[in-house]
Amino acid sequence: MSRLTVKLGKLVLPNPVMLASGILSHGSLLEKALREGAGAVVTKSLTLKGRKGYETPVVVGVEEGLVNAVGLANPGYKDFLKNDLQMIKEKNRVIVSIAGDGPDEFVKIASSAEDAGIAAVELNLSCPHVKKHGLEIGKDPKLVRRIVKDTRGVLKIPVHVKMGFCDELIRSSLVAEDAGADAVVAINTLPAMVIDVYSRKPILSRICGGLSGPAIHPIALRCVYELYRELSIPVIGCGGVKDWQTATEFLLAGAKAVQVGSAVAIKGLKVFSEITEGLAKYLKEYGFESVDILMGSLEGKK
Amino acid sequence: MSYGKSVLAFEEFGFRPGKVERVVRETSKMVSVYIKLHLPNLPRPGQFLMIWVPDAEEVPMSVSGAGRRWVRISVLGRGKTTSKIQKLRRGDLVGVRGPFGRGFSLKGKSHLLVGGGSGVAALIYASKTISDQKKECVFLIGAKTSSELPFLREVKRLNQKLLMATEDGSAGYKGVVTDLVEPILIKKDFDSVMTCGPEKMMVKTVELALKHGVRVQASLERYMKCGFGVCGSCVLDPVGLRVCTDGPVFDGRILLQTDFGKFKRDAAGRRRPI
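So the protein lines, in turn, are chains A and B.
First residue of the first sequence: 0, per numbering that gives the first Met the number 0; consecutive thereafter.
First residue of the second sequence: 0, per numbering that gives the first Met the number 0; consecutive thereafter.
Read the hints as simulated data drawn from the structure, not as lab findings.
Because the structure is a prediction, the values reported are computed rather than measured.
Just so you know, even glycine gets a beta-carbon here, dropped at the ideal spot from N, CA and C.
Where hints are given, some of them may not hold.
Simulated pairs of lysine to aspartate or glutamate, EDC-like, Cα-Cα distance not exceeding 16 Å [what the hints assert, rightly or not]:
#: 1; chain 1: A; residue 1: 266; chain 2: B; residue 2: 10
#: 2; chain 1: A; residue 1: 200; chain 2: B; residue 2: 91
#: 3; chain 1: B; residue 1: 35; chain 2: B; residue 2: 91
#: 4; chain 1: A; residue 1: 51; chain 2: B; residue 2: 265
#: 5; chain 1: B; residue 1: 83; chain 2: A; residue 2: 54
#: 6; chain 1: A; residue 1: 48; chain 2: B; residue 2: 265
Computed Cβ-Cβ distance ranges for the label pairs, DEER-style [unchecked claim]:
#: 7; chain 1: B; residue 1: 82; chain 2: A; residue 2: 101; range: 36 to 42 Å
#: 8; chain 1: B; residue 1: 256; chain 2: A; residue 2: 291; range: 38 to 44 Å
#: 9; chain 1: B; residue 1: 255; chain 2: A; residue 2: 272; range: 26 to 32 Å
#: 10; chain 1: B; residue 1: 104; chain 2: A; residue 2: 135; range: 48 to 54 Å
Derived list of chain B stretches under chain A, where covered just means 3 residues or more per stretch with a C-beta under 8 Å from a C-beta of chain A [to be verified]:
#: 11; segment: 11-22
#: 12; segment: 29-40
#: 13; segment: 198-209
#: 14; segment: 234-245
Can you make the complete structure from the sequences, with help from the hints?
As C-alpha cells, then:
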C-alpha cells in the first residue's frame, strides 16, 4: 500500500484526490480522469428523468473561479447506468451523485446504482439553483434525516452526503451522521451571479448560480475544519482545490479526501497526477507514513 | 495543452464585448458577421469562439476570418440562436469568449481542403493562412445548389484552385463533393487533407485520404455548454476526447476509433445517432 492509499469506511482508494460531481459528466471522460490519476470519480448528479438543463450560457469564468447554473443536466439515471457507467472499467472507483425530488427518488436511484456495481453514492443535498433538488434539503435537518435514513436502509455500499455552505451545515451534517451517513462532502458552490455591464443583462440564463474555484477555498476549508471537530465520520473537502497545497490544506484541516472540479478548466486532466505527486512528495518529506496520520494534524489546534 | 500556455486563468472563460461592424450575405443561406473586439491573440485556423447573443443562447462558432481587432463568423441560421445571429445589425453587441481549442496543423506544402455547409467557414480561414504562407492548396466546396456555394470570390482572390460540386448540377460537378476527393488524390500529391462540414462527408473524406496514405484532419461540431473542457457535453466516446479542448480539429486516424460519424450527445447528455 502506498502512502496515498485512503480508506473511507469500506471504500479503499489508491489516493485521496477525487473528481467532483458535475465536471466532465460522461462515462468515457470519467474513465479518462481515473486513468489520469484520480482516486475516484463522482458522476454528475443523476435525476429520475433526463434533464436538458438550462439554456446557455450556463457557466462563466470570473477572476477567482467559475459561476454556473447548469440545471442538473443529465441523461437520467437509467440511461447513465446503462450507457455511461459501462465505459468505466473500475466501477469500484465510481461514486454516483444523486439529486432526487424527495426521499423515494433518492432510494430508487441509489438502489439501481448499487446494483450496477458502483462504489458509493453521494446524495446531493445542496444544489444551489434547482428548486426541490438541493439547498432547501440541506437546510432542513428533518428532510436530511429522512433521505439519509431511507437510502442508508436499503444500501450496502457507503452513503456520502454533499452539503452546501449554510447556517445549518453543522446541524444537518450531525443529523446525517446520526441517520447513518458514511461521509460528508463539504461544500457545494456558493450562491452567486455575474452581470454583463455592456448589455446590462445577467450572463447566466438562470440569472443566479453557484460560485466554485479558488475564491471559495478558504470558506470550504473552515467548514471542513469545523465538521472534522464535530463529526466522527470522514469529511471530504471540496472547494477550490487547484494544486497539492490546497489539497493538503484540506487534509490538515481534517478531510480524509478531497474533490477537484473547476481546476480542470485551467489545468486540464493532468491536475490529478500533479496533486497526487505533490502530496506524495510532501508526505515523504515531512515524514508522514499515510494520509491518515496527516489528517487533522494541524499544529496549534485548540 | 491547447492554448500554448499550460495553466489558464478563470477570467479567460468570461465574455468580452464584441460590436457588430458589418453583416454580409454570403449565399442564400449563409451570413457572415464581422465583430469588432480585442482578442488576447489571433485565432488559429480551426479554433472557435463561443458567441453569446444576449437575447438568445450561446453557441460555438468557427472563426472564418480574423485580424488584430476583428473576427468574422459565418452562420447558416438553422437554429434559434444562429437565426438571431443572422439578424444582427451594425452596432449590436454580442458576448465573445475564446478563441478555444486546437486548430489545424498547417504543416506541409500542399493541402487539399474539403468543405460543405457551415464547415466551409473554418476552411476559408485556413486557406487564407495557407495562402499567406505561400503554400499550395486545392479547395473542394460542395452544396445542394449553386446559390448555396459560399466564399467563391474569396477563394479566387486567394488564387487557389477551386472545384465545386452541387447536387443539382447547377455549378461544377453534379453530385456530392466527396466524389471529387479520390480522383484528385490520385492525380496530385498532397501533404495533408483538411475537412469540415457534415459529419458523413467528413467520414468519407477521412476514409479516402487514409486509403491513399495522406494525413487527414477533420474539424468537428458538437453541442457545448462551456467550451473549455469542464461540462463534457462535446465528448467523443469511447476514447474520452473533448471536442472543445482536445479538438475541434482531430487527426483522422484518432477519429476512426471514436463515435465520429455515428453518435453525438444532446443537451441532456443522451447519445443520439448522427
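Checked hints:
no., hint, verdict
1, 266(A) to 10(B), "14 Å, holds"
2, 200(A) to 91(B), "14 Å, holds"
3, 35(B) to 91(B), "11 Å, holds"
4, 51(A) to 265(B), "8 Å, holds"
5, 83(B) to 54(A), "15 Å, holds"
6, 48(A) to 265(B), "14 Å, holds"
7, 82(B) to 101(A): 36 to 42 Å, "40 Å, holds"
8, 256(B) to 291(A): 38 to 44 Å, "41 Å, holds"
9, 255(B) to 272(A): 26 to 32 Å, "28 Å, holds"
10, 104(B) to 135(A): 48 to 54 Å, "51 Å, holds"
11, 11-22, "holds (count 5)"
12, 29-40, "violated (count 0)"
13, 198-209, "violated (count 0)"
14, 234-245, "holds (count 8)"
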